[in-house]
Amino acid sequence: MRMILLVFVLIVPVLSNAQLNGSAILSGRIVGESQEPLAGASVYVKAAGNGAVSDSSGRFSLVVNQKFPFTIVVSSVGFAPQEIQIKNVGSRLAIQLTTQTFLANEVVVTASRTAEKILRSPVSVDKLDLRSLKETPAASFYDALGNVKGVQLTTSSITFKVPNTRGFNIPNNFRFMQLVDGIDMQASTLGVPLGNAIGPTELDIQSIEITPGAASALYGMNAINGMSNLITRNPFTSQGLSIFQRSGLNHVDGEDHSPALLTETAIRYAKAFNDKFAFKVNGSYLQAIDWISDTRLDQNPNNRNTANPAYPVLSGNDNTVYDGWNKYGDDALQLSNTVSITGLKIDGLSNRTLSVARTGYWEKDLVDPKVDNVKLDGSLYYKINATTQLSYSYRFGKMDGLFQRGNKIKLDNLVVQNHQVELKGSNFTFKAYSSSETSGDSYNVKPLADNLDLYSGGSASVWGAKYKAALNSFMTSKGDTSLRSEYLAEATRYAREQADAS
Numbered sequence: 049m050r051m052i053l054l055v056f057v058l059i060v061p062v063l064s065n066a067q068l069n070g071s072a073i074l075s076g077r078i079v080g081e082s083q084e085p086l087a088g089a090s091v092y093v094k095a096a097g098n099g100a101v102s103d104s105s106g107r108f109s110l111v112v113n114q115k116f117p118f119t120i121v122v123s124s125v126g127f128a129p130q131e132i133q134i135k136n137v138g139s140r141l142a143i144q145l146t147t148q149t150f151l152a153n154e155v156v157v158t159a160s161r162t163a164e165k166i167l168r169s170p171v172s173v174d175k176l177d178l179r180s181l182k183e184t185p186a187a188s189f190y191d192a193l194g195n196v197k198g199v200q201l202t203t204s205s206i207t208f209k210v211p212n213t214r215g216f217n218i219p220n221n222f223r224f225m226q227l228v229d230g231i232d233m234q235a236s237t238l239g240v241p242l243g244n245a246i247g248p249t250e251l252d253i254q255s256i257e258i259t260p261g262a263a264s265a266l267y268g269m270n271a272i273n274g275m276s277n278l279i280t281r282n283p284f285t286s287q288g289l290s291i292f293q294r295s296g297l298n299h300v301d302g303e304d305h306s307p308a309l310l311t312e313t314a315i316r317y318a319k320a321f322n323d324k325f326a327f328k329v330n331g332s333y334l335q336a337i338d339w340i341s342d343t344r345l346d347q348n349p350n351n352r353n354t355a356n357p358a359y360p361v362l363s364g365n366d367n368t369v370y371d372g373w374n375k376y377g378d379d380a381l382q383l384s385n386t387v388s389i390t391g392l393k394i395d396g397l398s399n400r401t402l403s404v405a406r407t408g409y410w411e412k413d414l415v416d417p418k419v420d421n422v423k424l425d426g427s428l429y430y431k432i433n434a435t436t437q438l439s440y441s442y443r444f445g446k447m448d449g450l451f452q453r454g455n456k457i458k459l460d461n462l463v464v465q466n467h468q469v470e471l472k473g474s475n476f477t478f479k480a481y482s483s484s485e486t487s488g489d490s491y492n493v494k495p496l497a498d499n500l501d502l503y504s505g506g507s508a509s510v511w512g513a514k515y516k517a518a519l520n521s522f523m524t525s526k527g528d529t530s531l532r533s534e535y536l537a538e539a540t541r542y543a544r545e546q547a548d549a550s
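Position one of the sequence shown corresponds to residue 49 (our numbering), numbered consecutively onward.
What the hints contain is simulated information worked out from the structure, not anything from laboratory work. For clarity, every value in this text was computed on a predicted model and none was experimentally measured. Just so you know, not all the hints are guaranteed correct.
What the hints assert, rightly or not - With a cut-off of at most 30 Å between alpha-carbon atoms, the simulated DSSO-like pairs for lysine-lysine come out as follows:
1) Lys175 - Lys319
2) Lys135 - Lys115
3) Lys446 - Lys319
4) Lys431 - Lys94
5) Lys431 - Lys135
6) Lys446 - Lys393
7) Lys494 - Lys516
8) Lys94 - Lys175
Based on the sequences and whatever the hints tell you, model everything.
Shown next, in the form of structure tokens:
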């Protein structure tokens, strides 16, 4: 990709005359060609690595310890980086850039685990930088993954979203690896990453790199469908206090739930000391009322044709093998919750059999729609020398939400923690990490409904015996010695109520 940029940057650096221990404060303002301030521009001392980021008005302040002359590098997304030499205390520079042609010089680390220009990457890597993330038409930076070519984002819950590539658009892509600063975020119990449960906050994300194809040569079989790497901001260059608040409203139709507030709050603080030590802390909280699954269609309305073909009155709402969407414990389609009521006399014919599904439970009665996500993380950084850095990071995430695989799994008070140590030099990187998970009060919705069937109505044989007794009781109340088709639907409704009652 070739780009042509005409940029005018005015930098007026000011070095304070009051110097402490050989340090000086370099401050200034960065603007564009129309004199508009450039927020988020990076300013750092070349060869030293310490730097600062301009605020919303384009101003920056940087402590330097170098002897004169030294060089600073100024860069911003979409602008050509500039090197400026500072010769003395009174240096005041005004620089106008002329039109130039240059190749895109985005740097990625995911393809080879080392920093390299994206054009020289051995595999295809798509990168979302900070500007792209801010401009994306998505609710969050994580939702922006769905806008990358070749990536599909499956939403199982407000707090649980799964990126997929290579056409594997499934709710639990076990072969798509998700990294944060090169560290695998997979949950040990479920074997998949829990969306962005312990990932970066909106304030700490720097960029996202996506490899839409196989990356198993470097990262193992879990990356056979692709991978994403969420890269966070460096406290040496991104310092200060930031607060983020976002609010919205869902369930505005009031059909399944009254209108509910969706809120997300985040805070970040980062500080560097003497160009050697830096730290950052992040925290965020998201809470909402999730989408409620309440579709009541019969999964297989033709079940009656094979279950009770001799009795057409048992159809529609009176289908005794009704298998509803979003209903558990009534799985007539798999015959796992179906009972055969034998030895009946219907329309004067003896030894008749009815197939009946257990009543089951609606998902909305088994799952609390309230979801939340608490994220905390802290990092310590120490520069051993100009090119070698040692860091430690800790991440904590607690999530309530829904995980979709063959059945839905309610994640309740699920806690994931991650510890990471990294030693990085100019030509090497060493990383060690550990992850732990506590499932809390999480449960699989399908087995829960099956056990509730056993608890409330007894085993299939016990429930079936009560159902049969109720049918015969209804027949007796009609003064008959044989059930009749004209009231068979009413009789089965009565029998179900009686079988479920005890």
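Okay, the hints, checked on the actual structure:
no.: 1; hint: Lys175 - Lys319; result: holds, 27 Å
no.: 2; hint: Lys135 - Lys115; result: holds, 9 Å
no.: 3; hint: Lys446 - Lys319; result: holds, 26 Å
no.: 4; hint: Lys431 - Lys94; result: holds, 15 Å
no.: 5; hint: Lys431 - Lys135; result: holds, 26 Å
no.: 6; hint: Lys446 - Lys393; result: violated, 57 Å
no.: 7; hint: Lys494 - Lys516; result: holds, 26 Å
no.: 8; hint: Lys94 - Lys175; result: holds, 25 Å
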